[in-house]
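Residue numbers (this note's numbering), protein chains in the order written: chain A, 1 to 356; chain B, 1001 to 1779.
I should point out that these hints are in silico values taken from the structure, not numbers from a laboratory.
For each residue, glycine too, the CB sits at the ideal point set by N, CA and C.
You may find that some hints are simply not true.
Label-pair restraints from in silico Cβ distances [unchecked claim]:
#, chain 1, residue 1, chain 2, residue 2, range
1, B, L1002, A, E213, 53 to 61 Å
2, B, L1002, A, E342, 42 to 50 Å
3, B, I1335, A, G144, 55 to 63 Å
4, B, W1022, A, D217, 30 to 38 Å
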Amino acid sequence: MTSSTGTAEAERLLTRNQDDFSAPADGVEESIVSVHHLAKRYAGWTLLGRRPVDALNGVSLTAKAGDVFGLLGPNGAGKTTLIKILLGVVKPTGGTAALFGEPVGSMAARQRVGYLPESLRVDRHHTARSALRYYGRLSRMGAGEIERRSDELLELVGLRGRDRESVRRFSKGMYQRLGLAQALMHDPDLLVLDEPTDGLDPVGRNEVRRVIERLRDSGKTIFLNSHILQEVEMVCTRVAIMARGRICGSGTVDELVGDVRSEQVTFDLLLPDATDPSAVLLPVFAAHEASDLNITPMDAAQGSYRVAARLPEQKQVDEVIDGLRALSISIVKLQVKRPTLEDMFIKLVSMPDEAN
Amino acid sequence: MLPYVAVIRDSFHAALTSRVLWIAFGAIWLVLIALAPIGYREDFTTTFRSQDFHNGTRLKAMLAQGLVDEQAKETPSGRIAAVMPDDLARQLRRVGEGDEVRIRLRLLADGLNGCLDEESWYDAEAWKSTLRFRELRELDQLGDDLSESQRRRRARLRIEAAFPGVFEARASRSIMLTYAGLDFPASYAVDKTRFLVLINQYVLPLIIEWLMGFVLVFLGILVTASIIPDMLQPGSLHLLLSKPVSRTMLLLSKFFGGCAFVFLCVLQLVVGLYLIAGLRLDLWNIRLLWCIPVSVFLFSVFYSVSTLAGLIWRSPILAIGVTTIFGTICMLVGIMGGVFDGLVSGPAAIQRLTMVGDTMMGATRGGGLVWFDRDENRWIEVFESNALSGDRVIAPIALGDDLAATSQVKGGRFNPFGSGALDLMVLSRRDDWTPEPSLRLPTATSAIYEAGDDVLALNTGGLALAKKSTILAAYGSDEGSDSSGDPPQQQQEPAGWLAKLTNMMGGATSGFTSILPDRVSMTPPRSVLVDPSGRWAIALMHGRLIRLERGTNTAGPWTLVTDRTLPGEPSSRGTIAISGKRMLIARNEEPIRIVDAESFEPIAQVELSQALAPLAAVGLDDSGRFVLMTSDGRCREVRVSGKDGSTCQLTGPLPFRQVESITTDQQSGRLYVVHHIDRIDVVDPSDLSIVEQIRPSLQRWRLIDRYVMSPLRMLIPQTGELGETIESMVSGKSAVTIDDGSEQGQVVRYDILRPVLSCATFITVMLGLSCLFFATRDF
């Protein structure tokens, strides 16, 4: 029952025109990232001849100022290609993409972008401070500004005190923090973070997450590419889910999850008279429009049963509880299960191409 | 530019943290420490060495004569021969008795060295008849108030005076190399100036060439090959490309930054060598620092290949492999180019051109003799040019409009004394210039000159004359009997062993008469100019300038009418030319002097760049204009001007390049410029305009050389030839003269421009391709 309902919701989302995902809510001028029908075809070769690979198939999306935009998708979905295009590393074969209204790859666009790559590689001769100085110069910053920002950012990412240590001694987490600091060095208006918490321990993840939240709160626009759905769910204001080079779904987390909101409630009950539990229980649930009812005996001899039902509203849950108690049925345990972004993600990415 | 400067600075930073760099630094410092104790000590040139002999055969003969000829026993050579060690004296007696005895030069040198400490052989009276140069006269004036070195020097000069025409010109001071205060076993008979030139021109460039060309370039490629592939790592490249920087400039910055490694190594090595040369050898040659950019330039040729390979394959190993293959190809093409230079184009270069009537005849560098067939537009070989044979051809002269004379010295470059048969060869147009033997030339004849009805032959110590009619008679031509009313003058030939000794000493052979007055010896280095009508001859020899004029007695020695010693180093090579009443004297590292052709009174002088050496000069007409050929393969006009003719002007280079030789045609007065091996431009002397261009058609290997090897050498950078650029920059010279037994020596021009252009073009193309690839490629 759950499956059929979820699929239906996903289909409803997917029947929306792709352009709907890119429709800016508050006018074009506020769009930080603006992508329209973006396509990328890589030339591929096999022994049998040319086999081009379509990495992006008409992707459209928009991120507004202040958004923390999460980009989700399985491996090979085209996320990295999309980010590379946004950074100007890869040239699109179709469609348009702009940052701050400037074509992607232009100097003006890149001047306002800070990027944290997935596996940051800092030359081994650097310390954290010298690396920040180097990347600051690449971002056309002056020496004084570099020193000032370095102090601030090293403090922010927790590398103060280890800033003159060779990066050779850095752990993966320290590298990521350094990467975050360099991305923020020139105070960019857009941050593109590719797996920012990858390889970090829970404490590190939490720290990075808090930095992102602080940046979000300070009004920065963040474009976040992550496999960790919980993380995206926690920090992102808008999310796009990609699969096979297309956007499968986009919107706020609530919008995405809310579309399939239909909570499943599980009751562990102890019936005083267990001769015919269905006869006792069905009327109670049916009276409150419960759907997908499922009664499972746990210890029939003792009158212990588990009942699962879909009850969209809290009021219905309350009324069912009242009904059960009126029949002197003991409620041993009550569990309400909400659908998650992961549920939605799995549903969307597992949809066949035809559905997309 | 700030971001790109940051990339370059970062590369320096990376290089300085490289362990390999510090290992290289350590190795460089070890080399410098090993070289630092080298020093030198200067002393008089006293000890004889085998390479000091210009004509060992003559020395052997003179010593032998001194031993066996009673009349020669009290002559200087006889007195010295008398004190030779017993073993050597025994061998010399056998020579005097007519036996073929091979005596090593080293043995002769040892014998003479024995005379330096004990001077019982000296007799002032006997030496009065010898030619004593200024240095010996000055030492003689000092009497016994001499140091040990000066005394030994005086003894050597007395010995040299006793054997004229035997010794090479050597500087009066020698350099003794020391290491940590200890003398090296070898000393060098050169003065300090020449020693420093030697160090500048050979030693330092060689050290730098080897260390830079091989060790550091290879090491540099090993270290830097990973820079580009490392940059292309996703975590590094995407971050760099996300910055507001141009891809092209980023790549170029990485490229130049990659050169940082070699720059830092070269900087230390060259500055270290500069300081050692300055502090230890007193050689503060700021030009040595040019080696830094040239070496980095050399490295960048290979690094440009490594960069492109690294971009395409993103693998340091492949980048190193491709660069190594490229280096091997460069080396192979360089070797092939060298082989073609040495065996094909080099030997074919016409070193001396002579007009015989309307036919051009040339002596080639490869010991060949050629004449130009205008109908077929090609050079026809009389003697084949062959670099490996070592033969040498004496520059031909015209005996008439249809006759020429020359001689071929077999194994000439390795047998400069021309021992063995040396016949004057006569070539006739009637016989298609087939050479036929005529008179036997004096031993070790190195040049012949036309002198009116006579021919002059210059050998190691003398100048001998033969009548053209005698020559033609010996050739068997009918023309000889008609050309002169004088009967052939036959010299009274001494009989038996004495005749043999006379021949060995280079004395006049049958048909030739010595024209040199007493106490005149044609000491090298020398340059001789003979009046085509045979009235006079002028010779510059060992810094001494003499004018000889034919006396009334046509058979006897000519009269020495003017004798002047020129300022400057006597052993400097030089050239002379006459235009009207003015004579041009151009010697290495001396200003060009214009003097009166009869009195040798100085008229004017003009400075010639220190980088240039004068190689040949011709007078254009009688108005005091000359064309000077210099070591850079160019020609310059020297003009005497001013109301009183006391101003001398040197023009910029004339529009001829790679000039091999210049000559004037006595009949037409036109200037013939041989350039680019065997091409000829005929020039009107009045305005130096080209009136005819001769472009001979090429045959076989020359075709391959021009249309295959030359383009290949332009396409593939000739990194090996950059060594010549280094040598030229360090020495400040455009050419080097190698003594090959000929009068002028073999001039090897430094090819500076071609390797630089070829390498610069290559680097530009490779970087262009790299930038195009990097700018357009998705990463």
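Verification of the hints:
1. Judged by the Cβ atoms, the range 53 to 61 Å given for L1002 (chain B) and E213 (chain A) is violated: they are separated by roughly 33 Å.
2. Take L1002 (chain B) and E342 (chain A): their Cβ atoms lie about 46 Å apart, and the range 42 to 50 Å holds.
3. One distance hint, 55 to 63 Å for the beta-carbon pair I1335 (chain B) and G144 (chain A), holds here, with the actual separation near 57 Å.
4. Distance hint check: the CB atoms of W1022 (chain B) and D217 (chain A) are about 48 Å apart, inconsistent with the given range 30 to 38 Å.
Hint violations for this structure: numbers 1 and 4, all remaining hints satisfied.
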